[in-house]
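Peer 1: One letter stands for each residue in the lines below.
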Amino acid sequence: MKKPVTTSMNGSRRNFISKAAAVGTLTVAPGVFLHKAAAAELEVEIVEIDIVEPDLNTSRSTRPLDQDVSNKNRWGMLIDTNKCATGCTDCVDACNQENGLEGKTGPQDTQYIRKVTLKSKSTGHETSLPLMCQHCETAPCADVCPTGASFVRADGIALVDKHICIGCRYCMMACPYKARSFVHEDIKNQKLSAPRGKGTVEACTMCVTRVDNGGLPACVEACTAENHNAMIFGDLKDPDSPISVELRKRGGKQLRSDLALNTGVRYQGLNE
Amino acid sequence: MTRFLRLIYVLFGLMLLSTPAMAETPFPTVHEPSDESLKCIQPEDEMRRNHMKYILHERDETMHEGIRGEAEGLSSCIDCHVEPNEKGEIAGIESKEHFCNACHQYAAVQIDCFQCHADRPQKYIKRNTHSSSLKQQLQQTLAASEVSDKEANQ
Ligand code: SF4
Ligand code: SF4
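Just so you know, the sequences run in chain order A and B.
The first sequence begins at 1 in the numbering used here and counts up one residue at a time.
The second sequence begins at 1 in the numbering used here and counts up one residue at a time.
So that you can see chain B by itself, here it is in the shape it has in the complex (with noise of 0.2 angstroms):
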């Protein structure tokens, strides 16, 4: 009886040794802004913990009662921690190097907020301008003018 307890400590504790082994994915780092007198409203655990708080007064104060105008919010995360990298690309949500999808990856928490908030900085954003469509008709029409005006006095 006791050799077959001894046994059982045995591979217990073979089982405990092996526990470390298998936890091999790195506990993530997350991108940190590259102007290094940028300085987070709070420490990093606090962040790392209570980040959803620091930003929730835009969920709900904002939308519905209109108070703006707070430092804190989710796009002044993005906006420091959202950099492109040397090649100038900048990861998007999806990918293991954004600040935000690295550790929510790693403790498989799924983000909704970039499924209607940008995942980068507005300076990073191209965007194709719309111009005028009356002013372009008018430029047409003055151009179609110009020409008909010309040909006239030819």
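Looking at chain A on its own, in the form it has when it is part of the complex (with noise of 0.2 angstroms):
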């Protein structure tokens, strides 16, 4: 991935980079170079970014669409939370417009995806992070549905079957990630790929029909396409995908891993 940004830089950045622009480019990180690009009296104004970053989103379904999907695989997602910027909405923005969702925030209206800002009690450091369903394995929500509408399909991905959904509502209550949200009015023209409807219960579905054909959920795609790289999908069962390998080399927190649901949504960088 390697994809130029142009910014502007504020004040102590600018004095940083000021001195740094005797140097010409200035090597930040592996792989992270900053290219002097316009320099007046040795202030810099505009710097091009050049962040090359291995493409970790290779992990995608190759079943053949005429058969059943099968617990060979299970899909799941690492969130990176320290490339993951405050005030940042592009996976929300991606996700609104891949479900036709309307985007408003209320308590009443559909979220999908979340930003949420953690602030440790102790040290006072805040993290900003999308929140989604995690897509447990062992879903409450599916637990207490008394129809059957709520289920994991076989590779991990937890969904509602609105056919069935009767709109109890038990699994909003028993969610412990607040990440269902219920259609309280009629609906039209929605999305082919994202039916939604008056009186049913719906949530993050990881983009079951891009998953499926082998594709990314648009939130990853959106993040990885702006280049802040913070999500990463894949397969983990396969011990060699991507997101298994990072997880194995630098670890991945679940949120409320004490209530042991096995979560398929992973996170880094949550420092106290």
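These are calculated hints, taken from the structure and not from any lab test.
Warning: the hint list may mix true and false statements.
[Claimed, not checked] Think about it this way: if two alpha-carbon atoms lie no more than 25 angstroms apart in a straight line, the pair counts; the simulated DSS-like pairs of lysine-lysine are: (1) Lys198/A - Lys96/B; (2) Lys188/A - Lys126/B; (3) Lys53/B - Lys191/A; (4) Lys87/B - Lys123/B; (5) Lys96/B - Lys191/A.
[To be verified] If you only want the chain A side, here are some residues facing chain B, beta carbon under 7 angstroms, derived: (6) Asp68; (7) Val69; (8) Asp161; (9) Ile164; (10) Asn189; (11) Gln190; (12) Arg196; (13) Gly197.
[To be verified] Computed footprint of chain A on chain B, listed as stretches where at least three residues anywhere in the stretch have a Cβ under 8 angstroms from a Cβ of chain A: (14) 59-65; (15) 107-120.
Note that beta-carbon positions come from the ideal geometry of N, C-alpha and C, so glycine has one too.
Assembling the complex is the task here: the two chains are given apart, and the hints tell you how they should meet.
Peer 2: What follows is the structure, encoded as structure tokens:
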């Protein structure tokens, strides 16, 4: 992923770069270079940042579409909160567009992804992260559902079958991550891959249609396309997939791991 | 007694005669695709009777087992049979003009499909595109810095 980003710098970074400008190109970290693009009396106005990162989203579904999903795969996501910028909502916007959501954030509005800020009580350190359905293996939503509408697909994607959902909202109560929303009003003109309607509960589907067709969830695609690279999607059961390799190398936390839900979404950089 | 029976027969005959006059609601005609080269997957009377069997696989197999890619499905019906009229308007599912509702209203069978699925082909749905918020912010900052640079240069 090589993509120049042109941006302007604030005062302190400007000073830092103006001192570095004499050098020409500055290596910030392996694979990250700052180039001097325009200098006026040793003050750099705009820098070009080349971030050369390997493509970590190579693990995709290869299942022929006439065959059942199986438990040979388990789809998951790894989110590096250190790369996730406060105030950035690229993943949320992509999700809203993909699923035809309005993007409202009131108490009765549907949100598949929320940007959440965690603040450590001991240090005051703030972490910004996207929070969506964690695609639990032992999903409380599926446990409490009286109709079998909430279920976890064999490949680990938690879904609501709206054909049989009666809208009782038990699953919303049971979900520890507040991941689910209830549709309160009539909806028209739904997206083809995201049918949704009044009286049923819905949540992140990990973009199941895209995934089945060998694609990436819309949020991961947007985060990568915008060069934040904070999200990796892939098969947790394949030991060679980039997501498994990364988890083995640097680890990844489950939110509320005390609940032992074995979530499919993992986070890095959740520091105190 | 026979006269009484005769009266009954006459009344009964009158009843029989009057029934056709009561059933005036015409049998619905459904919208045929304007592209005549398109052919339905089955003959019309088979589809009238059994269309739900042909689209059922998506409800169960696609939803729970991820089996996709079969040509036939609810959206394929909609793609051919729902088109704008001469005025460019598309009749929604609540209208008698809608392909599905034409018969369903006649037969008084409620359809729930379109509470969740779109009642018209995707190509006729206009959507607003949300633009990426960060990109917007970046453009705004860049624009702002350009303005302040200009001011500084003057
Ligand atoms: S995060 Fe909530 S909605 Fe998602 S699988 Fe777990 S319990 Fe169910
Ligand atoms: S709202 Fe629907 S999916 Fe949730 S528990 Fe009730 S029936 Fe199941």
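Peer 1: Hints first: check each against the structure and report whether it holds.
Peer 2: Results for each hint:
1. Lys198/A - Lys96/B: holds (22 angstroms)
2. Lys188/A - Lys126/B: holds (12 angstroms)
3. Lys53/B - Lys191/A: holds (23 angstroms)
4. Lys87/B - Lys123/B: holds (17 angstroms)
5. Lys96/B - Lys191/A: Answer holds: lysine 96/B to lysine 191/A is near 24 angstroms, not above 25 angstroms.
6. Asp68: Aspartate 68/A check passes; min Cβ-Cβ to chain B is 4 angstroms, inside 7 angstroms.
7. Val69: holds (4 angstroms)
8. Asp161: Given a least distance of 5 angstroms, the restraint on aspartate 161/A holds.
9. Ile164: This interface hint is violated because 9 angstroms lies over the 7 angstroms limit.
10. Asn189: holds (5 angstroms)
11. Gln190: holds (5 angstroms)
12. Arg196: holds (6 angstroms)
13. Gly197: holds (4 angstroms)
14. 59-65: holds (count 4)
15. 107-120: n = 6 at 8 angstroms, threshold three: holds.
Hint 9 from the earlier list is the only one contradicted by this structure; the remaining hints agree with it.
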